[in-house]
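> Protein sequence lines correspond, in order, to chains A and B.
According to the UniProt record's numbering, the first sequence is numbered sequentially starting from 1.
According to the UniProt record's numbering, the second sequence is numbered sequentially starting from 1.
Please note that a few of the clues may not be correct.
Same chains, same names: a pair is fine if it fits in one copy or spans any two.
As the list claims (entries may be wrong) - Derived pair list, reagent style DSS-like, types lysine-lysine, alpha-carbon separation capped at 25 Å:
1) K188 <-> K221
2) K221 <-> K121
3) K180 <-> K221
4) K59 <-> K133
5) K59 <-> K221
6) K187 <-> K59
7) K187 <-> K221
Derived by calculation from the structure, the hints in this document are not laboratory data.
These are the residues of each chain, in order.
2 protein chains.
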Amino acid sequence: MYGKEITVADREMVEERADQMLSEAADADVAFLVVGDPFGATTHTDLVVRAKNMGVEVKVIHNASVMNAIGVCGLQLYRYGETISIPFFTETWRPDSFYEKIQNSRRLGLHTLCLLDIRVKEPTLESLCRGKKVYEPARFMTVNTAISQLLEVEELHGGSAYGPDSLCMGVARLGSDDQKIVAGPMKKLLDVDFGPPLHCLIIVGETHPVEQEMLEFYMIK
Amino acid sequence: MYGKEITVADREMVEERADQMLSEAADADVAFLVVGDPFGATTHTDLVVRAKNMGVEVKVIHNASVMNAIGVCGLQLYRYGETISIPFFTETWRPDSFYEKIQNSRRLGLHTLCLLDIRVKEPTLESLCRGKKVYEPARFMTVNTAISQLLEVEELHGGSAYGPDSLCMGVARLGSDDQKIVAGPMKKLLDVDFGPPLHCLIIVGETHPVEQEMLEFYMIK
């Protein structure tokens, strides 16, 4: 199932265990398996850089990833702009640097793939203060939360990058037998139950006829 | 080996044989194998649309594709703009609609993946006139030809989208054991022998430190 190239748990593992992996690789073959393609994000690039600096040969076996599996929605992969990540907003932390990126892609008529936050193995703030890690329950952002946050940010900026009527495609469990794809304006997708994670979202740009035909198959009634 | 999602021969095959595939799929399972991910280009999307219109269930098994395997170069996949295709120029046909796309991505600091022309099973003009197909020898665009055409187009438009000093990464046989990646300014990559096909090219946008480190490994001396 494709959704996000790298999870927090994965990142933490890479960071904590990288030294061990690299030192064992000095005189043995070490395999490191990841979900999706290893180079979706820079965490693994960093690992490769460190390996190369130590003279460790690295061989990569590529795999499907959300970055290309998303093509199943029928929007041409060529016509995507910058990929954005939407983090869970908190009371005090509501980063929205993705807004300008969406705006730029929309101006060019490009589609925007939005990867949604995954919070796995996040230590609680309280436990960090006490110095003994206790983890928060895992959370995965839904298409609904993503759209609700996007609309809040649009309201704040007022740049008309998108709005409640903007056409999107919500995608759940991409690549699984029970994957779910629903197209429709943001305001309608807000109420669609996409079921279990992982979810991701596409803000649809300008479409050509074949793309439009595929969209129709997934369009909410 | 990843290079281009769909070749002319592939497209021709899909177009000529689609009816047969779809009619056989009415009462049997039909498998259709492709190089890369099936949805890199719209040819296969069109096949899915036709299947759905006939009530044929379609199941997709995703695969690595140039669109994500290119991540091995160390540039973050998130930070690519629109993907462009560079066709072989002829005496009379020198299409350059890619120029504006590159310019748009460059303004945003994004990387541009350039897929290079593949001409396989192209009927000769002469044979088309005679009504009996004779095919041209297969041709695969090199990184060198791509850069030379890009520089010609820049000279024509004069928009300073890029130039001889613009940093690029030339890639040959991506995903193979003998893949070759060389980074450098366009003018230097013009003379690099990348060996057998398939080739592709990245015009590098703004980079962050981890990307920069990977670039250094591949930088031409």
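> All the hints need checking, so say for each whether the structure fits it.
Each hint, compared with the structure:
no.	hint	result
1	K188 <-> K221	within (10 Å within a copy, 55 Å between copies)
2	K221 <-> K121	neither (38 Å within a copy, 44 Å between copies)
3	K180 <-> K221	within (15 Å within a copy, 50 Å between copies)
4	K59 <-> K133	neither (35 Å within a copy, 43 Å between copies)
5	K59 <-> K221	between (48 Å within a copy, 23 Å between copies)
6	K187 <-> K59	neither (46 Å within a copy, 30 Å between copies)
7	K187 <-> K221	within (13 Å within a copy, 54 Å between copies)
Against the hints set out earlier in the document, violations occur for numbers 2, 4 and 6.
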